Amino acid sequence: MKVIGVGSPHGFDRLGWEVADTLRNRTTAAGWRPGEVSIERCERFGAPLLAQLRTSKRAVIVDALKTGARPGALLRIALTEPGGVPCGLSSHGLGLATTLELGRALGTLPPVITVLGIEADDETAAPTADQVNRLCQALCDELGYGQHQPGMVSCPEPDSEGRPSLYHSVACDRNDHR
Amino acid sequence: MTDNQRGEHREMVINVPVLARVEGEGALDLRIVSGELTECLLRIYEPPRLFERLLVGREFNEVPDVVARICGICPVAYQMSAVHAIEQAFGIDPGPWVRAMRRVLYCGEWIESHALHIHLLAAPDFFACGSVIELAAKQPDEVRRGLRLQELGNDLIRLLGGRAVHPVGVCPGGFYRAPTIGEVDTLRKRLHDALADAEALVEWTCSLELPVTSQSFNSVALRHSDEYPMNQGRLVSSIGLDISIENYPEYFREEHLGHSTALYSRHYPDGAAARDGDGQAYLVGPLARLNLNLDRMPAAVRAVTERCGIQFPTNNMFHSIVGRAVEILYAIHEAARLLDDYRVPVHPAVPVVPRAGEGYGATEAPRGLLWHHYEFDAAGHVRQAVIVPPTSQNQALIEQDLRTSLAEFGLDRQADELRQFAETVIRNYDPCISCATHFLRLKVRRE
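For the protein sequence lines, the chains are E and V, in the order given.
Residues 1 to 178 (the working numbering) are what the first sequence spells out, left to right.
Residues 1 to 447 (the working numbering) are what the second sequence spells out, left to right.
Some clues are possibly wrong.
Below, a list of computed lysine-lysine pairs in the DSS-like style, where the Cα atoms sit at most 27 Å apart [to be verified]:
{"no.": "1", "chain 1": "E", "residue 1": "Lys-2", "chain 2": "V", "residue 2": "Lys-189"}
{"no.": "2", "chain 1": "E", "residue 1": "Lys-57", "chain 2": "E", "residue 2": "Lys-2"}
{"no.": "3", "chain 1": "E", "residue 1": "Lys-57", "chain 2": "V", "residue 2": "Lys-138"}
Taking beta-carbon pairs under 8 Å as the criterion, some of the chain V residues facing chain E (in silico) [to be verified]:
{"no.": "4", "residue": "Ile-133"}
{"no.": "5", "residue": "Ala-136"}
{"no.": "6", "residue": "Glu-151"}
{"no.": "7", "residue": "Asn-154"}
{"no.": "8", "residue": "Arg-163"}
{"no.": "9", "residue": "Ala-164"}
One side only, chain V facing chain E, incomplete, derived with CB under 8 Å [to be verified]:
{"no.": "10", "residue": "Pro-140"}
{"no.": "11", "residue": "Leu-338"}
{"no.": "12", "residue": "Val-353"}
For the record, the hints were derived by calculation from the structure and aren't laboratory data.
Please read all numbers here as calculations on a predicted model, not as lab measurements.
Note that beta-carbon positions come from the ideal geometry of N, C-alpha and C, so glycine has one too.
The task is simple: from the sequences and hints, build the whole structure.
Given below as structure tokens:
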């Protein structure tokens, strides 16, 4: 079982890394057995994330999300069906959705894969301790180590073009240009 | 979309208002009147050079981390050109260990960037696929191989840069940290194992049904006395240029054109760049490097290239994808060679004492020549910075190529075909424009 916190050092996009780091220090308190759950950071979608996913049977990806849901909402997306993923995104913006669709096409995804995240509001503001803790608790619930988190949204609203908006990570790969 | 023809007169306007997700924003405007391409404008609205202004007043050791943010795909190139310029300005020689490790780091970026472009951006064009996801259904093993290579490149960058995106390990004088023997051994083994993948990749790109075009263009790249150019050398061209990088402003000039906020860089072979006049379009990037430096490739790489039957120098611009594959093979050879001799140094960087002065740095980014010039005050603060990236250097040639290639392709074709072919031509240069794989939103008017 693998938990992958996706993010970067910038703003709300730190969320995935913060959750991974927090959980890494809490595994004992959460009752996790050593070796049962591997917790990793991921800094880039595409090849790096697919490589991290390849070796696990079950994975939970934790990320800052931008789906059109209420800002601050806790989101859970279970990947069961393909579709709804906008293709043709650029490499710079090769996001989580496209990466997972590519992994599905190549047959390299774990059989069970879930995305947990929080809908971003101000993308430039770092996540709060409360948001990190809520997501950690949700992750424990997801993995069967705690109580279910009330208020979890399991089906984000469609995006502006009517697609069942999967998820667009916030600032997944910032490219500042001259 | 409308399509009207009146007698012999046929006018078609292909207007692409927004090229999303490029380094800056861009568009493509084509106008075809009575079978003639009367307008071909590649408009890239790169933001103003805020980075150059942002650097002014900053301390020299901040520069590598600031310029790394210019591009998420080739941050190492920006760091390399910057540290070379800084060290020249301060009279620093970082020594052979630093030089070798910078080359390893650069190899990582070439592998990562080229693998990404070949598989995620360019190759789908040659299999009638709209994206790498569609390509994965047709060529799954090849896409998996490409992702493996890309990840190898990322891990090489991580080894010396601390992280693959906007690495932070580079400093003037060397590196903040030297990798351990164990870390290097792990990657060294992977590099040797990846040689078979890279050779197969070269063969695969040579087997693609690439468009055949032949046009005259001037290749420009660094050339080193005894190695394939990466971070040092003189500046040469296929029409006989041979200058030191400090003389670049005499032979190349960036200029504003009305239809684009991006600067166009043009070549003035007579050294008259400071004066008015028409400069020439030119090519930088892997094809230019190979056209000018095949003899600097190790025999093992040349043998693979020759076996595939593509002769360099070549005038077929679409051989760029083969050039990228050959450079991946080279970069794996080179990184493995350099890491085979790896030792942990006493210090991963030499001390740097600033002084007033100026320095130049020109290195070969994955997309081509990246030229930097800095002036510093006595305390090492930046007084002036000039950065000329590969994309602006190729922009004039992309337009010239579009005119030639579209005419060869057939201007009487349907707008969709023309749009698709134009995209393929543009992507072939691997400008950051090509990162927007479906950037052409068409509006066609025929009268």
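Hints, verified against the model:
1. About 26 Å separates the Cα atoms of Lys-2(E) and Lys-189(V), which keeps this hinted pair within 27 Å; it holds.
2. Restraint check: the Cα-Cα separation between Lys-57(E) and Lys-2(E) comes to about 8 Å, which is no more than 27 Å; the hinted pair holds.
3. Taking the CA atoms of Lys-57(E) and Lys-138(V), the gap is near 25 Å; set against the 27 Å cutoff, the hint holds.
4. The interface hint given for Ile-133(V) is met, as the beta carbon of that residue sits about 5 Å from the closest beta carbon of chain E, less than 8 Å.
5. Contact between Ala-136(V) and chain E, as hinted, is supported at the beta carbon level, the nearest pair being about 4 Å apart and thus within 8 Å.
6. Checking Glu-151(V) against chain E by beta carbon gives a least distance of about 4 Å; that is within 8 Å, so the hint holds.
7. For Asn-154(V), the shortest C-beta to C-beta distance to chain E is roughly 6 Å, which falls under 8 Å, so the interface hint holds.
8. With a cut of 8 Å, the hint placing Arg-163(V) at the interface with chain E holds, because the nearest CB-to-CB distance is about 6 Å.
9. Interface restraint check for Ala-164(V): the shortest CB-CB distance to chain E comes to about 6 Å, inside 8 Å, so the restraint holds.
10. Checking Pro-140(V) against chain E: minimum C-beta separation of about 6 Å stays under 8 Å; hint holds.
11. Interface restraint check for Leu-338(V): the shortest CB-CB distance to chain E comes to about 23 Å, outside 8 Å, so the restraint is violated.
12. At a threshold of 8 Å, the smallest CB-CB gap from Val-353(V) to chain E is about 29 Å, leaving the interface hint violated.
Violated hints, in rising order: 11 and 12; the structure is consistent with all others.
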